[in-house]
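Chains as they are written, first to last, in the working numbering: chain Y, 2 to 412; chain H, 2 to 412.
Simulated from the structure, these hints should not be mistaken for laboratory data.
One thing to keep in mind: the hints can contain errors.
[Stated by the list, open to error] Examples of chain H residues lying across from chain Y (beta carbon under 8 Å, computed): (1) A24; (2) K40; (3) G44; (4) T185; (5) E189; (6) G301; (7) N307.
It should be emphasised that the depicted structure is a prediction, and the values quoted were computed from it without experimental measurement.
Glycine included, every Cβ here is placed at the ideal spot set by N, Cα and C.
There are 2 protein chains.
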Amino acid sequence: MNGALLIIGDELLLGTTIDTNSAWLGRRLAEVGIEVKYKLTVGDSPKIIEDELRRLLEKFDIIITTGGLGPTLDDVTKKSIAKVLGKKLVLNERILKAIKKHFQKRGVEMPAINMSQALIPQGAHSIKNPVGTAPGLFLKEGEKWIFILPGVPSEMKAIFEEGVLPVLSREGKKEIRFRTIKTTGITESRLAEILDRTVKEVSGYVIVSFLPRHTGVNIRIKIKKGTEGGDELLKKVEEKFTEKIGIYTYGRDEETMEEVVGYLLTMRNFTLSVAESCTGGLIKHRITNVSGSSKYFIGGVVAYSNEVKQNLLGVPEQTLQRYGAVSQQTAISMAKGIRSLLKTDIGLSVTGIAGPSGGSVEKPVGLVYIGLLSKGKTSFEEHRFLGDRIKIKEQTAQAALDMLRRYLLNA
Amino acid sequence: MNGALLIIGDELLLGTTIDTNSAWLGRRLAEVGIEVKYKLTVGDSPKIIEDELRRLLEKFDIIITTGGLGPTLDDVTKKSIAKVLGKKLVLNERILKAIKKHFQKRGVEMPAINMSQALIPQGAHSIKNPVGTAPGLFLKEGEKWIFILPGVPSEMKAIFEEGVLPVLSREGKKEIRFRTIKTTGITESRLAEILDRTVKEVSGYVIVSFLPRHTGVNIRIKIKKGTEGGDELLKKVEEKFTEKIGIYTYGRDEETMEEVVGYLLTMRNFTLSVAESCTGGLIKHRITNVSGSSKYFIGGVVAYSNEVKQNLLGVPEQTLQRYGAVSQQTAISMAKGIRSLLKTDIGLSVTGIAGPSGGSVEKPVGLVYIGLLSKGKTSFEEHRFLGDRIKIKEQTAQAALDMLRRYLLNA
Numbered sequence: 002m003n004g005a006l007l008i009i010g011d012e013l014l015l016g017t018t019i020d021t022n023s024a025w026l027g028r029r030l031a032e033v034g035i036e037v038k039y040k041l042t043v044g045d046s047p048k049i050i051e052d053e054l055r056r057l058l059e060k061f062d063i064i065i066t067t068g069g070l071g072p073t074l075d076d077v078t079k080k081s082i083a084k085v086l087g088k089k090l091v092l093n094e095r096i097l098k099a100i101k102k103h104f105q106k107r108g109v110e111m112p113a114i115n116m117s118q119a120l121i122p123q124g125a126h127s128i129k130n131p132v133g134t135a136p137g138l139f140l141k142e143g144e145k146w147i148f149i150l151p152g153v154p155s156e157m158k159a160i161f162e163e164g165v166l167p168v169l170s171r172e173g174k175k176e177i178r179f180r181t182i183k184t185t186g187i188t189e190s191r192l193a194e195i196l197d198r199t200v201k202e203v204s205g206y207v208i209v210s211f212l213p214r215h216t217g218v219n220i221r222i223k224i225k226k227g228t229e230g231g232d233e234l235l236k237k238v239e240e241k242f243t244e245k246i247g248i249y250t251y252g253r254d255e256e257t258m259e260e261v262v263g264y265l266l267t268m269r270n271f272t273l274s275v276a277e278s279c280t281g282g283l284i285k286h287r288i289t290n291v292s293g294s295s296k297y298f299i300g301g302v303v304a305y306s307n308e309v310k311q312n313l314l315g316v317p318e319q320t321l322q323r324y325g326a327v328s329q330q331t332a333i334s335m336a337k338g339i340r341s342l343l344k345t346d347i348g349l350s351v352t353g354i355a356g357p358s359g360g361s362v363e364k365p366v367g368l369v370y371i372g373l374l375s376k377g378k379t380s381f382e383e384h385r386f387l388g389d390r391i392k393i394k395e396q397t398a399q400a401a402l403d404m405l406r407r408y409l410l411n412a
Numbered sequence: 002m003n004g005a006l007l008i009i010g011d012e013l014l015l016g017t018t019i020d021t022n023s024a025w026l027g028r029r030l031a032e033v034g035i036e037v038k039y040k041l042t043v044g045d046s047p048k049i050i051e052d053e054l055r056r057l058l059e060k061f062d063i064i065i066t067t068g069g070l071g072p073t074l075d076d077v078t079k080k081s082i083a084k085v086l087g088k089k090l091v092l093n094e095r096i097l098k099a100i101k102k103h104f105q106k107r108g109v110e111m112p113a114i115n116m117s118q119a120l121i122p123q124g125a126h127s128i129k130n131p132v133g134t135a136p137g138l139f140l141k142e143g144e145k146w147i148f149i150l151p152g153v154p155s156e157m158k159a160i161f162e163e164g165v166l167p168v169l170s171r172e173g174k175k176e177i178r179f180r181t182i183k184t185t186g187i188t189e190s191r192l193a194e195i196l197d198r199t200v201k202e203v204s205g206y207v208i209v210s211f212l213p214r215h216t217g218v219n220i221r222i223k224i225k226k227g228t229e230g231g232d233e234l235l236k237k238v239e240e241k242f243t244e245k246i247g248i249y250t251y252g253r254d255e256e257t258m259e260e261v262v263g264y265l266l267t268m269r270n271f272t273l274s275v276a277e278s279c280t281g282g283l284i285k286h287r288i289t290n291v292s293g294s295s296k297y298f299i300g301g302v303v304a305y306s307n308e309v310k311q312n313l314l315g316v317p318e319q320t321l322q323r324y325g326a327v328s329q330q331t332a333i334s335m336a337k338g339i340r341s342l343l344k345t346d347i348g349l350s351v352t353g354i355a356g357p358s359g360g361s362v363e364k365p366v367g368l369v370y371i372g373l374l375s376k377g378k379t380s381f382e383e384h385r386f387l388g389d390r391i392k393i394k395e396q397t398a399q400a401a402l403d404m405l406r407r408y409l410l411n412a
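Take these sequences, add in the hints, and give me the full structure.
Written out as structure tokens, the structure is:
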């Protein structure tokens, strides 16, 4: 079965909101064998929504819309869909009750404006919204299925998981098999060279894509439709690739670097503390995005000023004066300081120049040092990153976590 | 002039990559008066790209494509566009030279695979890529303009700013006037009620949209095309709205909460330190995303374990035992501790339960306390947030920065 997404909202065209819903839907649909072939974003204009919906209904089996179900005046989705299908909007008492209850739970009266959320196209089934007021809707038009979801990501996801997925799982077939191999510390061109022969070898039944970004290159492997061999084959192809890529592979599919690091710390039974300067807390934020990280992550310090580096982390004044705050010596001293301050097995540190100001000829914006201290081992890395302030922070955090990962693999 | 975006890449349909390019393009284009009316995402399939491009050429003045210009085998954009326009792909020596130079600067030979990046449709103008190898391309077909850009965001943006925008600015007219009012701490329904009369009052010439997300509701005000009054009118309408919304407004357009807080700290000449538990570093990460934040932000501690709260921040063992780590008393004690440890004017702290585990009936997941200490003033807030671990972290960071903002407004 193939599907199309119709994403509705002026704010997405104007760019004041970034659409994360459609990527999430693409992933979840692929997992149950429904391939999104087409994704269209249009504004809150009834005319355009109607025209495009007619076109999509001719071409695709499943159409999922997001957006335009809120209580405010600019929300036009339901009206447009009803019109295309030649149906009326009718008041659904059950939905109205649910919306009233939603407000009662919060101790407030339902604003009159929310009444419109209980209007649905005749014949539509409502899908419960466990976290908000606008329900999802499901319409069957002959062989075509239309799902109508709200645009607020948490509501869209909850309705999809609880109401849409169960239906689709029963109908969809596991046709798409793909895997993402995640790498960091190596360029796209270099990867393409290393993998050149392997890509050619499997090109009869595998489509390979390189997805570069500033924190690393993802490689997507997709087994062509109709290929025999199932998940076994995917596994074999993946192994072929990761063997060539070696240490630069850090994970697969949805796995994040911080999850991998967390897993390795748990396996080794090590505790960690982190001292950050230029990343300003991003490394610790990423580490603590992992549920259960409190088992191995004790805490850390953000030492933005030199005084904090000296007074809290014990970096000697002499080190700062002789080598500067951005130096291998300061990085190592910060790692040592945080490790002994918080009494952890490993101390990790970064210091660098995130820019846009603060750079010089010898120490340009993007120069970063990472320090790592553990029992009997002291190491550091120097990096020179390109990009704006936030990109440099992100590359630095990724490199620091990757250094920790490589250390843990051999520990 | 109206425009359409054609976003190319399997990874965007499969959802392994989130498309941030098109939102960015939408914003930049709107600023020079070009309204994106249509945004289409398709896979790396020549047939679909060709069909859709033909359709878009009939309907829109300006078409911008992103993606599919890399050196690897799955990149098909140029071939498809050339086919639709009835042109050949030809080798451009100047581009080839530039690509070779790009690699030389990095001290490596150009991989043979990158040769294909120098092939362009006959008659296309190349647009310099200041940060990568694939150049942008510009084609004029009668009255229609086609811009072909790479998918890597940093390259796309650099080419757009330096090569596309100058052309468009000359041609485009400032037709769209819009503003985003950013609010936090108030629900969409409540805002809609407060603003009900104002929205109706201006409905003849202004379109208002509510864009809710978990960290706040943005309100977009758009002056209808052809309305007289220009920027003056937009300003007057904005004032009407912010007057009603009051303290819940924290910024406008691209302004972030951390920028506003940074601005206020600079105005008041205050220094800040931050002690975080459940947010794990996110507050400090956001504060340090602002260039120049080292002037007011000294540093802070992430106290994930109780030992760090006690030993480093000086939270009394008794406080932790009697009230628990997640309590107003601990929050205040943490703020006091970080303020005196780093000798800053203001100490800000958060402690809470990000989940999914660790909650209880009395202290459920999402319960958060924020503490703020300054000379002569101690305050705290209690919040109960909904959502997953990361959403709770994000809401907590937003609320803490907002509490700081409101404090600074009155300080």
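Evaluated hints:
no. : hint : verdict
1   : A24  : holds (4 Å)
2   : K40  : holds (4 Å)
3   : G44  : holds (7 Å)
4   : T185 : violated (15 Å)
5   : E189 : holds (7 Å)
6   : G301 : holds (5 Å)
7   : N307 : violated (10 Å)
Comparing the model with each earlier hint shows violations of hints 4 and 7; every other hint is respected.
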